Each structure stands twice: as C-alpha cells, then as structure tokens.
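Put chain B on the given structure of chain A with help from the hints.
2 protein chains.
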Amino acid sequence: MSTHVVIMAGGVGSRFWPLSTPQFPKQFIDILGCGRSLIQLTVDRFQGLCPMSNFWVVTNENYVGTVHEQLPDIPEGHILAEPAARNTAPCIAWACRMIKEEDAQANIVVTPSDAVVMNTQEFQRVIKESLDFTASRQCIVTIGIKPNRPETGYGYVCMKGCDTDGVAPVLEFKEKPDLETAQEYLKAGNYLWNAGIFVWNVKTVLGALECYKPVLSEQIDTMVRTGNVKEIFPTCEKISIDFAVMEPASHDSLVYTHPADFGWSDLGNWSSLHEKLAHDAQGNGSVGNVSFYECDNCVVHASGLKRVVLQGLDGYIVSEKDGQLLVCRRSEEQRIREFSSAK
Amino acid sequence: MSTHVVIMAGGVGSRFWPLSTPQFPKQFIDILGCGRSLIQLTVDRFQGLCPMSNFWVVTNENYVGTVHEQLPDIPEGHILAEPAARNTAPCIAWACRMIKEEDAQANIVVTPSDAVVMNTQEFQRVIKESLDFTASRQCIVTIGIKPNRPETGYGYVCMKGCDTDGVAPVLEFKEKPDLETAQEYLKAGNYLWNAGIFVWNVKTVLGALECYKPVLSEQIDTMVRTGNVKEIFPTCEKISIDFAVMEPASHDSLVYTHPADFGWSDLGNWSSLHEKLAHDAQGNGSVGNVSFYECDNCVVHASGLKRVVLQGLDGYIVSEKDGQLLVCRRSEEQRIREFSSAK
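Heads up: the sequence lines are chains A and B, in that order.
Mapped onto the numbering used here, the consecutive letters of the first sequence carry residue numbers 3 to 345.
Mapped onto the numbering used here, the consecutive letters of the second sequence carry residue numbers 3 to 345.
Isolated chain A (complex conformation):
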C-alpha cells in the first residue's frame, strides 16, 4: 500500500492584494520570506512520506504553468487542471479517482496548499499515525488543530472525549462559531480546528463519494475513463468535501480526528501572517528590506522593493508586489478586496 499526497491549489484569494492576485494567488507566493512559496513548503513538509511521483496537485488550468515551475519534480500527469472552480469535492474526487488508476490500495493525504506548519517533525508524526490508522480501517481521519484561542474564523471538529493524544471518533462538524460559542468550544476541550487535511485510503473516499454523492461519483468516473475533463468537470456539483462527505460520514460514525499541535496556520489574513513573522520590539513584522521608525504592530510584505522606510505608522499593513502598493490600517483588512478593485 503506497501513500499519495493530494495538494489542493485552486485558491484565487484576494485578501493579500497586491501581494496575491487572481493571476498569482497566495499559494504560489513566498509569503513568509523564507525563499519558498506556500505550495513549495507544503510539498517540503511531506518529504520522506512518499516519493515525488506520488504527489498530485489539483489547480485551476491557469496555474498549471506556475505549479510546474515551482514543483518541477511532480509528474506532469499528476498536475490536474480544473477548467472551472467547483469547490473541493469534485477536486478531491478527481484526484482520488486518478490515484486509483495507479494504485487501487493507495493511502491518501489531502491537504490545502496555502497553510503553514511550523513544526514539520510533529506534522509528520501526526500524518504517519493517521496513515497507519486508515491503512487498515474503512474510515476518514481529519486532522484537528488544538485551539489556543476562541477563533471565529475556522470551522470546528467536535470529537468524542478529551483525550487529545491519538486518533479519536468525530461526533460532528461545526461551522464557524460566534465568539461566545468559540469561547465555550475552547473551554470544553474536545473542539478542534478543521484544518482541511484529510487522511483516508482510496477505497474509503471513493466509496463514500459513491454513497453520499452518487451523481458526482458517476461523473468523475466517466470523466476519468473518457478523459473529457473540459466538458464534464464544469458540470459537477459545486460543493465542498465537508458538506459532500464529511458531515454525512460523521453521522455514520466513519470520521475520526487526529488532534494536533504543530504550529498550523491557514494564513487566511494579514493578522495570521503577522503572527507567524518574527517581530521587532514594537511588534512590527516584515518581509523585505524594511526600516521602522516609531512604528508599532505593522505587518509589511515588500520583498519586491529594494528598500522601504516607514515612520509613524501604528497598526498598518504595507504590501507591495509588481508595482502595486497598498498601505491600510490592519483594522480595515476586510476591505482589501474593495481596495483592490479601486479605479
């Protein structure tokens, strides 16, 4: 039984504009200033778990060239080009159905391409344990991140019991909570963040799709047999794997979680990037050649500029890429999409 890794890289996020753009989204950016893009870091953290020939990337057809450039060792036939964005269920169904062609016994990890993990060693330990678990069982393991704050920006996994050491059954999935609920979750101890990292064997995932989404399952099967991606994929139901499979499977007691604490962040916004960057004594985090004078709690990404001098800014985002510059208050970051479409 071989291990395969499926990287979902279809995101077109605009929350980091102008750093990320629809032409060059977050997963392809060296957002931490470490010399590797998020998708490269994603591949890096799986090194040793399986050979490069077992990696798969599902992405929009516009990004195939970028994926190939950034990850030249992934076989070209393993870069699956979506002609349209259909959310995660069709994406995962396609990749897993393709994997079945290569290894009908494969054990699979599915992961987003735009999150960061600080402790790779612990990450590998958790993934290996989860793979061991699914190798011999007809079940789904979702990695559950132990929360350290009442975060309202993530979905939660509610597990049975509070033993966070190994794999445990999932009772149910919870959508993004309000603050009060998030505080209760944190206190309760058996609620984990849903990181969107799933471990299962190929039979389990294809069986679950056939059971809970028979039409989609049939479409993907036909698509892979005929090779007619262009026409069939865009007609697939636009639905997340959480709604399509995880929720119904959890009601059937098929879902488990591996609680984990490996410094995960989805880097979903500037605050989470700020948190991951090294700070000066005034709480300024930056990527690029940046000098701060009388600045506090700023987060700056300007690696495309030779030199940046900032003075007198308290709590600002400064972001530059390819000749586009944004300076805005961190409190206004939810308006970045609005700013990005300014005339």
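It should be emphasised that the hints constitute simulated quantities derived from the structure, not laboratory data.
Each hint should be verified, as a subset may be incorrect.
[Said to hold, decoys possible] Capping the alpha-carbon separation at 27 Å, the derived lysine-lysine pairs in BS3-like fashion look like this:
# : chain 1 : residue 1 : chain 2 : residue 2
1 : B       : LYS308    : A       : LYS323
2 : A       : LYS278    : A       : LYS178
3 : B       : LYS323    : A       : LYS323
4 : B       : LYS308    : A       : LYS308
In this text the structure is predicted, and so the values were computed from the model without any measurement.
Structure of chain B alone, referenced to chain A:
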C-alpha cells in the same frame, strides 16, 4: 547685446528621498507629474528670451549625461562640468567668464534649476524688464518674490521703499529669519524672498567678482584660458554668490531688485510640493495612480508604481522611486535625510 541664461544645476538634495537621490537629484525629476523635469521646466520658461544656443548649464560632472539627455538642444560646450561642488560663486564666475568669450556685451540671467514658476507670462515680463534695466546700467538685479506668508525658510531682500511695481534699490540682504522677524518683514512690505535669480551684464558680474573676490576671479580667468578645470576649479573658494558678491555690492548700492509675483516656489520640501499639486476634497495631493480612502492632507509621489491604494493616513508623505519606498509623517520630513541613510 545678446541675452544668455545660466542654469545652476549642481544640487544634490536629499530632502525628497527616495524620489531624489545623489545619483538623480531633484532638478532632473518630473516632480509635478507634468511630463517635464524641473530643469526642463526651467528652460521652458525662458523660451523666446534667447536662442537655445545661449543657454548654459553648470552642473556636477556626474550629471552631464543627464543634462544632455534632458536638454539635447543645449550646445555640448555650454554644459559646464564641475569636478567638485564649490557653491554658487565659482559656478557663476565660470559660466559668466565663458559667456564673455562668446559675447563681451552679453546680458545674463542666472537661475536655479529646481524651482517652479506657475505664471510664465508674468515671469517673462519681469525678466525682460530686468534685462532692459541691466542692459544700460552697471548694476545687479535680483528677483524678489513678494511674500504671502511669514516664511522662515528663505533669505530676504530688503528694498528701499514699498513700490513693488518696478525695479527698486536693495538696502540689504537678510538671512533666514525667525518667525517673529518674518512676520515683521511681511508687515513692513519692503522685504522680498531672495529667489536666487540674478540679472546683470557680463561686465558687471566679472567686474564685481574682480572687485570683491579678486583671487577667485583670477583663478577662473586662468582656468578658462588654460582649460585646466580639473585642477583649478576644486581649489576655488567654496562660497555663495550672496556672500561673495551680493552683500558687498549691496553696500556699494550696486544691487536692485525687481519685485515679482509669478507663483514661484523653490520646492524645497514636501510641504511646498503639496502646495503646488492639485488636491482632492481631503487635501491629498498626488503624482501617480493613487487611490485614497479615509486619507487627509497626504502628499504622494509614486509615478513609478502602477497603482497605489492608501487608507487611513492623515498627514503623510508617500514617496517611491526605483524600488525605494518612504512612508512618513509630514511633521517628520526634516528627518528624511536620516531615513535615507538607514541600514
């Protein structure tokens, strides 16, 4: 008697960093975003007063190429390359001594290269009247800008009487005053800003130099006769034309002023640039493709960027050139030199 124009372009100002740098100082920048650099605008405003073959530029040897690029119609032999910065007296002495070789009767205007004039028609009227005045008289006319505020950043010319319509005798020159003194000057009505624009005929200026600065006069004469600029120019006294000639000449009643009101600014700092730019309703002035959200009284020069979005900035300077970016409070602009040398 022909008219010659001498443009002093040796400035290495760093007050507009990173817009201006020692490699590319202010006079060569399109700081107003009008498509012409300050030195080009300086030449433009003299058009019609004399042929291009009567223009002279004195600049540091490092800038000769830039001058030639920006002002291709000025004869190459009229671009005088200073091997070292010696302030304005040696610069003017050299240019005027060169002009004497071409026309021993020449009438001369000397001007800085980095100021702006909004009303060119009025500027030409004032210059013509001053040239008429010096054509037949052994005297110096300095253009005196009628002040509209108690400015402490300029030197002043004190004229005899308050008739600001035509040429009037200068009693004395005053250095940059404190605010109280500047307020008195404004009230008195016979104090004008010294714009550093001088009109005189070649005999007057060379005679005055011989009289007040005989060593410098002799050095420049030898330099022009032998062509040995490299060795002689750097040994000349480093002194301004104000100290070398204007002050002593004013004591000898040789200096006159033409009061003027043609929208002059020396663009000596960001505030004076802000004043000259068009503003939006919130007082933001910009050069470049800039969108403002909740910004007030900002001054932005970022014509090298494709697009700039600023949010929540009150009273800031934003300046970009060649991959260097500065964001600082307008109140801190006197520290820009410090910022520019940040590691």
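Hint-by-hint comparison with the structure:
no. : hint                : result
1   : B/LYS308 x A/LYS323 : holds (10 Å)
2   : A/LYS278 x A/LYS178 : holds (22 Å)
3   : B/LYS323 x A/LYS323 : holds (14 Å)
4   : B/LYS308 x A/LYS308 : holds (17 Å)
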